[in-house]
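Residues per chain are reported as follows:
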Amino acid sequence: MTALGQTFLVGVLFLFMLSAPTFLSDHQTHILIQILFFAYVSSCWNILGGFAGQLSFGHALFLAVGAYTSTMLLLQFGVSPWIGMLVGGMLAGSLGLFIGYLSFRYGIKGTFFVLVTLAFAEIARIIALNTSAIGGASGLYIPIRGNDFWYLKFVNKAHYYYVIFGLLLVVLAVTAWLERSRTGHRLIAIRENEDAAQALGINSLRYKLLATALSAFLTALGGTFYAHYVTFIDPSTLLNMNLALEITIYSIVGGIGTLLGPLLGAAVLVPIAETVRTELGHNYAGVHLVVYGALLMIIVRYAPEGIIGLIRWLREQWAKSRSLPTHHTSEAKP
Amino acid sequence: MSLLEVQGLTRSFGGLRAVSNLSFAVERGSILGIIGPNGAGKTTTFSLISGFDRPSAGEVLFKGERITGLSPDVICLRGLTRTFQIMQAFPKLTVLQNVMIGAYARHRAVSAARSHATEVLRKLGMAARVEEQARNLTLADLKRLEIAKALATSPELLLLDEVVSGLTPTEVEELVGLIRNVRAGGVTIIMIEHVMQAIMALSDTIVVLHHGEKIFEGPPRQVATNPAVVQAYLGEELALA
Amino acid sequence: MSSALILQAIVSGLLLGGVYSLICVGLTLTFGVMRIINFAHGEFLMVAMYATYFFAVGFKLEPYAAIVVVLPGLFLFGVMVFYFLIRPIQSRDPLNQMLLLVGLSLVLQNGALALFSPDTRALQSSLLYSKIELGDVIVGTPMLIAFAVSIIVTLALYWQLRFTEFGRMIRAATSDRGAAELMGINVNRVNMLSFGMGVGCLGIAAPLMMPVYYVVPDIGTFFILIAFVVVVLGGLGNFVGAMLASFLVAIAQSIGALFMPGSTAPVLPFLLFVLVLLFKPEGLFGRTSR
Numbered sequence: 001m002t003a004l005g006q007t008f009l010v011g012v013l014f015l016f017m018l019s020a021p022t023f024l025s026d027h028q029t030h031i032l033i034q035i036l037f038f039a040y041v042s043s044c045w046n047i048l049g050g051f052a053g054q055l056s057f058g059h060a061l062f063l064a065v066g067a068y069t070s071t072m073l074l075l076q077f078g079v080s081p082w083i084g085m086l087v088g089g090m091l092a093g094s095l096g097l098f099i100g101y102l103s104f105r106y107g108i109k110g111t112f113f114v115l116v117t118l119a120f121a122e123i124a125r126i127i128a129l130n131t132s133a134i135g136g137a138s139g140l141y142i143p144i145r146g147n148d149f150w151y152l153k154f155v156n157k158a159h160y161y162y163v164i165f166g167l168l169l170v171v172l173a174v175t176a177w178l179e180r181s182r183t184g185h186r187l188i189a190i191r192e193n194e195d196a197a198q199a200l201g202i203n204s205l206r207y208k209l210l211a212t213a214l215s216a217f218l219t220a221l222g223g224t225f226y227a228h229y230v231t232f233i234d235p236s237t238l239l240n241m242n243l244a245l246e247i248t249i250y251s252i253v254g255g256i257g258t259l260l261g262p263l264l265g266a267a268v269l270v271p272i273a274e275t276v277r278t279e280l281g282h283n284y285a286g287v288h289l290v291v292y293g294a295l296l297m298i299i300v301r302y303a304p305e306g307i308i309g310l311i312r313w314l315r316e317q318w319a320k321s322r323s324l325p326t327h328h329t330s331e332a333k334p
Numbered sequence: 335m336s337l338l339e340v341q342g343l344t345r346s347f348g349g350l351r352a353v354s355n356l357s358f359a360v361e362r363g364s365i366l367g368i369i370g371p372n373g374a375g376k377t378t379t380f381s382l383i384s385g386f387d388r389p390s391a392g393e394v395l396f397k398g399e400r401i402t403g404l405s406p407d408v409i410c411l412r413g414l415t416r417t418f419q420i421m422q423a424f425p426k427l428t429v430l431q432n433v434m435i436g437a438y439a440r441h442r443a444v445s446a447a448r449s450h451a452t453e454v455l456r457k458l459g460m461a462a463r464v465e466e467q468a469r470n471l472t473l474a475d476l477k478r479l480e481i482a483k484a485l486a487t488s489p490e491l492l493l494l495d496e497v498v499s500g501l502t503p504t505e506v507e508e509l510v511g512l513i514r515n516v517r518a519g520g521v522t523i524i525m526i527e528h529v530m531q532a533i534m535a536l537s538d539t540i541v542v543l544h545h546g547e548k549i550f551e552g553p554p555r556q557v558a559t560n561p562a563v564v565q566a567y568l569g570e571e572l573a574l575a
Numbered sequence: 576m577s578s579a580l581i582l583q584a585i586v587s588g589l590l591l592g593g594v595y596s597l598i599c600v601g602l603t604l605t606f607g608v609m610r611i612i613n614f615a616h617g618e619f620l621m622v623a624m625y626a627t628y629f630f631a632v633g634f635k636l637e638p639y640a641a642i643v644v645v646l647p648g649l650f651l652f653g654v655m656v657f658y659f660l661i662r663p664i665q666s667r668d669p670l671n672q673m674l675l676l677v678g679l680s681l682v683l684q685n686g687a688l689a690l691f692s693p694d695t696r697a698l699q700s701s702l703l704y705s706k707i708e709l710g711d712v713i714v715g716t717p718m719l720i721a722f723a724v725s726i727i728v729t730l731a732l733y734w735q736l737r738f739t740e741f742g743r744m745i746r747a748a749t750s751d752r753g754a755a756e757l758m759g760i761n762v763n764r765v766n767m768l769s770f771g772m773g774v775g776c777l778g779i780a781a782p783l784m785m786p787v788y789y790v791v792p793d794i795g796t797f798f799i800l801i802a803f804v805v806v807v808l809g810g811l812g813n814f815v816g817a818m819l820a821s822f823l824v825a826i827a828q829s830i831g832a833l834f835m836p837g838s839t840a841p842v843l844p845f846l847l848f849v850l851v852l853l854f855k856p857e858g859l860f861g862r863t864s865r
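Protein chains in written order, with the working numbering: chain L, 1 to 334; chain C, 335 to 575; chain W, 576 to 865.
These are computed hints drawn from the structure, not numbers from a lab.
On a predicted model such as this, the values are computed, not experimentally measured, just so you know.
Backbone N, C-alpha and C define an ideal beta-carbon position, used for all residues, glycine too.
Misleading hints may appear alongside valid ones.
Taking beta-carbon pairs under 8 Å as the criterion, some of the chain C residues facing chain L (in silico) [as the list claims (entries may be wrong)]:
#1 S384
#2 L411
#3 G413
#4 F418
#5 Q419
#6 M434
#7 A439
#8 R442
#9 T487
Pulled out of the complex, with its shape left as it was, chain L reads as follows (with noise of 0.2 Å):
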């Protein structure tokens, strides 16, 4: 496919997606709602994960912050959730960057960075369960009144669905723009190879720091979406450990570090999810992981790169099978 229609057919599907609720039914647009969610907080969850190479099994946690902030200062103090939301997005990011320095600065990595982000998920849930001032266990209830932008209020879904479109291009533009930058580019090296990134001059420590504090920003703001759409948030649901792994199987069944990655991941594992959720019939919170799980299984054992490495890999094939001249590839190294 050439550039130009490649270009094209993002044209198309802009298009589409900007158009889409004027045609689908509301049932329809709920899902393709939480289509954009999905992708767009997995998105967040990518600048850190899959840019980074860190991965995180806590960001539940920035979610849980940016809800919770937004909300309480909106039953509190009568503040606007878009107010609330860039309020709570810099918590979340202050406290992404405490993670972060604790974690960076002693040299926690890998398997035990995700366990000491699942740790201070843990410990929030319990906090947050216990602190009646946020509504305990009860939880807390976004009073529902009609129309009112200001309040992200609105009684028609469309509209809805255009705030976490617009969110869903902001994140997919900071994540383009790390790709093309100096700033991105030097945080991908930091992923492939921390050690030889810093003999040529990267700080590490400030540039892992830089993609945790972002990543729980952006976090942060999908999670005021979250309250705002949902209208109930409690520990249980937000600070739940199969949300925070949810968050991340989108990225990499979708393709971990890349820019369409976790887009479309969600686009074909929330259909899927849907599908089991109505034709199991029972309504269990959870059964649709059985089929993420193993989704999981199956691209980490055999397609590590994801659905956008596989597309990948087809063309290459393709390329190959029609004898295009190809670059002299050489033997793979010893």
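Dock chains C and W against the given chain L, drawing on the hints supplied.
Structure of chains C and W alone, referenced to chain L:
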């Protein structure tokens, strides 16, 4: 003032001294070769100089300034870059991208980094490989890539760790010529090597390490006849070209 | 705060620690093989607990009888998981291996959810309400049995690791694969068996625990987080460390529950965990020897 001065450098691991009271100086524009039997402390010395390890005692002075204990990235930005004995490329990135990472040390703009990286690769004869993924390269190309990445940081002092080991004699010859060009371009070099053919041909001065201690420092032609050196290498193969 | 309460807390913690130690020692064995923490360990326990439940209910037997089925069953399960899932990707990046196990844990946990619903299931054991009183301290009999058997099994495993030929082979294989192979040890087989043993521990723990706990699909999550904390505290791969840390964590939780507000006591292990990882990553009890 010497470009690099190592004073009384010591690195102990519990009771074991990997490097013991090592001192030497490197003048600008010269090539220093470090040789010694396996386990002599050569790579440890590189790690200590480049900031990947902290010495238990001693100082490292670069351009007259103390760099002991500074982190590797800071040292690189000051003009001292090392390569690694075990290839440390960025596996999923292309050759060009690999070298651009090095270029970013001195260039803020992506395009400037790209052109500088391309130039470095051209000088190293790798222009044809720029779009290949690093993980698909041959050993010889990987060695070159390692040098290219380091060169792209525009260093004043380059630490080369066994860049010709494992190569065929022809490949070694090529690389020797390349390193000469690098020196001609104004870069001071310290090399660790086992391949005598290369290090004898290139070095102005040779330092021999044994059990972490310096047992010889002098011109290459004196190395083979020095009794302490021969003693240290007994049991090792001294392949004089 | 009466001393009787504290004493009770310590004793309860001690008993709980016994059970934790069996679970965590199993995790340590699998860590020795994989060099990463088995994320699905908690789900394996859950599977064992459901198996115990259905066996006991189906055959109308005491849960302890289920051991004849659940122990070999879990051992075999562990062996198969290792052979089919883990071995093929053993050379890959540890994060990759961890993700595979995460996937497995999701499948198991939510599969159980789909099959068994989120309802809690508990066993009616004739022993359930019997207890022993030692002065001011009350000890439930099932808990005491669980403690005793767990300790015996854990010590037996330790003895095996330290003093038998097979135990030596396990230690060799986990500390230096290459050297072990040179000595003629079939590392793959040893790894498979010790992984199976690690999972098999859960096959013993589950029948011991069923009279005292209930089982739900996500019971695994609860235990696995504690188990992670314990094995890190004890020093990854350190068998004895895991044993000692189990008691430490259990008692800390127990006493913490007395003093901490609400039900925030569960926070303690995690705080300890983070602190240890930061300042003493080799664990409280030192080197990762085994």
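Now the hints, each set against the structure:
1. S384: holds (7 Å)
2. L411: Holds: closest Cβ of chain L sits about 5 Å from L411(C), inside 8 Å.
3. G413: violated (10 Å)
4. F418: holds (7 Å)
5. Q419: This interface hint is violated because 12 Å lies over the 8 Å limit.
6. M434: holds (7 Å)
7. A439: holds (4 Å)
8. R442: holds (6 Å)
9. T487: For T487(C), the interface hint holds, since the closest Cβ of chain L sits about 6 Å away, which is under 8 Å.
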